[in-house]
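First to last, the sequence lines map onto chains A and B. Taking numbering that gives the first Met the number 0, the leading residue of the first sequence gets 0, the next gets one more, and so forth. Taking numbering that gives the first Met the number 0, the leading residue of the second sequence gets 0, the next gets one more, and so forth.
Source of the hints: derived by calculation from the structure; they are not laboratory data. One or more hints might be untrue.
If we take Cβ atoms under 7 Å as the criterion, some of the chain A residues that face chain B in the derived model are [claimed, not checked]: (1) E97; (2) D99; (3) A100; (4) I104; (5) G105; (6) L106.
Computed footprint of chain A on chain B, listed as stretches where at least three residues anywhere in the stretch have a Cβ under 8 Å from a Cβ of chain A [claimed, not checked]: (7) 60 to 73; (8) 87 to 100; (9) 114 to 122.
All C-beta atoms in this analysis are idealised placements derived from N, C-alpha and C, irrespective of residue type, glycine included.
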Amino acid sequence: MKLGRAHAINPAAIINQIDRMGVGAVPIIVLMSAIVGAIIAQQGAFQLRYFGAEIFVVDLVGILILRELGVLMTAIMIAGRSGSAITAEIGSMKMREEVDALTVIGLNPVGVLVFPRLVALMVAVPCLTIVANFAALGGAMLIAWLYSGIPPEAFIDRLRDSIDLSTIFAGLIKAPFMALIVGIIASIEGMKVGGSAESLGGHVTASVVKAIFVVIVVDGMFAIFYAAIDF
Amino acid sequence: MVLIEERQEGQVAQSRDVVLSVRDVTVGFGDTLVLDGLSLDVYRGEILGFVGASGAGKSVLLRTILGLVRKSSGTIHLLGQDLDAATDEERLRVDMHQGVLFQHGALFSALTVLENIQVPMREYLDLPRALMDELAYLKLELVGLPRNAATKYPSELSGGMIKRAALARALALDPDIVFLDEPTSGLDPIGAAEFDELVGKLRDTMGLTVYMVTHDLDSLLTACDRIAVLGGKRVLVEGTVEDMLACDDPWVKAYFRGKRARQIDRSARG
Ligand SMILES: Nc1ncnc2c1ncn2[C@@H]1O[C@H](COP(=O)(O)OP(=O)(O)O)[C@@H](O)[C@H]1O
Ligand SMILES: [Mg+2]
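Using the sequences and the accompanying hints, generate a full structural model.
Structure (structure tokens):
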């Protein structure tokens with residue numbers, strides 16, 4: 000007899016969530032990041048052209064994407080895509096008394112429903128951030144080549160000089176925090192859902208809006224923190 | 000009322016085993032009290048029908064007993080255990096020996112019927128997979144579901160099948176007491192009658208105690224041993240159908256002797 004309450008971590012549930020929230024998000028993250036990278040490169044090149052410093056567009060996109068935009072756009076996309084899904088899933092379980100059924104059986108809803116999703120997000124968001132970084136730099140590289148005539152080899156050489164590992168980590172370190180923010184806000188909103196469909200819709204909206212807002216505020220606080228410690 | 004109390008004392012004297020004892024329980028949301036000093040006993044092996052107007056607080060009492068709603072005062076003993084004083088281990092023992100059928104089934108929508116039935120088994124029993132499947136199929140058969148329902152998801156089931164599957168899950172660990180919240184609501188009369196029969200059969204074969212919230216007069220008449228009526232935030236009257244018919248409370252009168260109840264009236268009077 001096992002006699003219950005040994006809330007074993009369920010690896011199958013976590014892997015299933017990573018597949019849905021991580022692997023499933025790759026196409027849209029690649030597309031969005033590549034487009035944003037291309038736009039920044041074009042705008043940067045256009046402005047820098049007046050100063051005859053068009054090559055500096057590589058520094059601009061490299062630092063901007065790796066430190067800020069890659070992780071920020073990923074977090075916003077995940078807040079919209081997975082945050083809403085988490086709130087809707089937990090909320091509809093709340094609505095149909097499935098959460099009460101879990102409690103009555105003696106299972107802890109946080110352990111069963113929230114924990115696997117949080118772990119999956121903590122794994123998926125950093126990986127997606129790396130994917131977003133590559134895609135955005137790829138989009139920027141293409142535009143630098145077509146619009147400014149900077150060949151890819153020159154782009155990569157220049158990028159090597161302008162960034163180092165700390166630039167990459169400055170962005171990547173934020174990813175797990177963003178994952179936690181999205182996951183926790185989405186789970187709390189899901190647990191607040193009452194008995195009606197309107198309540199479910201309202202909390203899904205609140206989940207996405209709050210998560211995106213907090214993600215942006217936290218990104219700003221990281222920027223202040225980095226400035227303060229000269230990172 | 001005096002008569003009823005005497006009757007109850009008689010039962011205690013016969014030392015019938017009290018499985019669930021609710022004493023002076025008060026529950027409120029904000030300023031409004033839903034239950035005020037409610038007391039109720041449920042004895043081992045009986046089917047208690049719990050009735051009351053819609054919104055009277057039947058589900059709230061059930062949820063309070065299950066620990067899903069906080070009460071502001073009173074005590075609840077379930078399976079001999081004071082739920083407020085229970086340690087984790089004692090609470091676990093109680094959880095293992097109760098089963099609940101929620102009003103809308105509350106099957107886990109991401110799991111198949113078979114997996115639903117196995118959720119409590121996984122939590123409490125360390126069994127090999129094949130044996131657990133075997134057990135779950137037995138429960139399916141017990142509640143009268145076909146074997147091919149096992150691999151279906153709750154969204155693919157009819158209302159009656161959902162209730163049966165939820166009952167199978169409630170029975171997964173062979174509990175001592177099951178709580179049913181309006182098990183026959185939303186079922187056609189034939190399905191409802193079958194369900195009542197099933198509950199009676201389970202009580203007879205498993206020695207189950209059944210606490211059944213219901214609006215179904217037929218259930219009360221055919222399946223229940225005893226009836227308790229919730230009104231005015233407490234139990235208005237409890238006893239057999241005859242006691243209900245003899246009661247002077249206007250709501251009880253209207254409920255048991257109204258137009259829809261003429262049938263009972265006639266059959267009870269013979
Ligand atoms: N979580 C809650 N918050 C506030 N009021 C509630 C809550 N749950 C139930 N109530 C109120 O308690 C009363 C009894 O509800 P309920 O027990 O569901 O009725 P029923 O007897 O039909 O099952 C209703 O008036 C309902 O509005
Ligand atoms: Mg109810």
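Hint check results:
At about 5 Å, the closest approach between the beta carbon of E97/A and any beta carbon in chain B falls short of 7 Å, and the interface hint on this residue holds. Interface restraint check: D99/A against chain B, minimum CB-CB distance 5 Å, threshold 7 Å, status holds. Given hint, A100/A at the interface with chain B, holds; its Cβ is 4 Å from that chain's nearest Cβ, closer than 7 Å. For I104/A, the shortest C-beta to C-beta distance to chain B is roughly 5 Å, which falls under 7 Å, so the interface hint holds.
The beta carbon of G105/A is positioned within 7 Å of a beta carbon in chain B (closest approach about 4 Å), and the interface hint is therefore held. The beta carbon of L106/A is positioned within 7 Å of a beta carbon in chain B (closest approach about 6 Å), and the interface hint is therefore held. Here the segment 60 to 73 of chain B counts 4 residues with a CB under 8 Å from a CB of chain A, which clears the bar of 3, and the coverage holds. Only residues whose beta carbon comes within less than 8 Å of a beta carbon in chain A count, and the segment 87 to 100 of chain B has 6; three or more means the coverage holds.
Counting residues of the segment 114 to 122 of chain B whose beta carbon lies closer than 8 Å to any beta carbon of chain A gives 3, which meets the minimum of three for the stated coverage.
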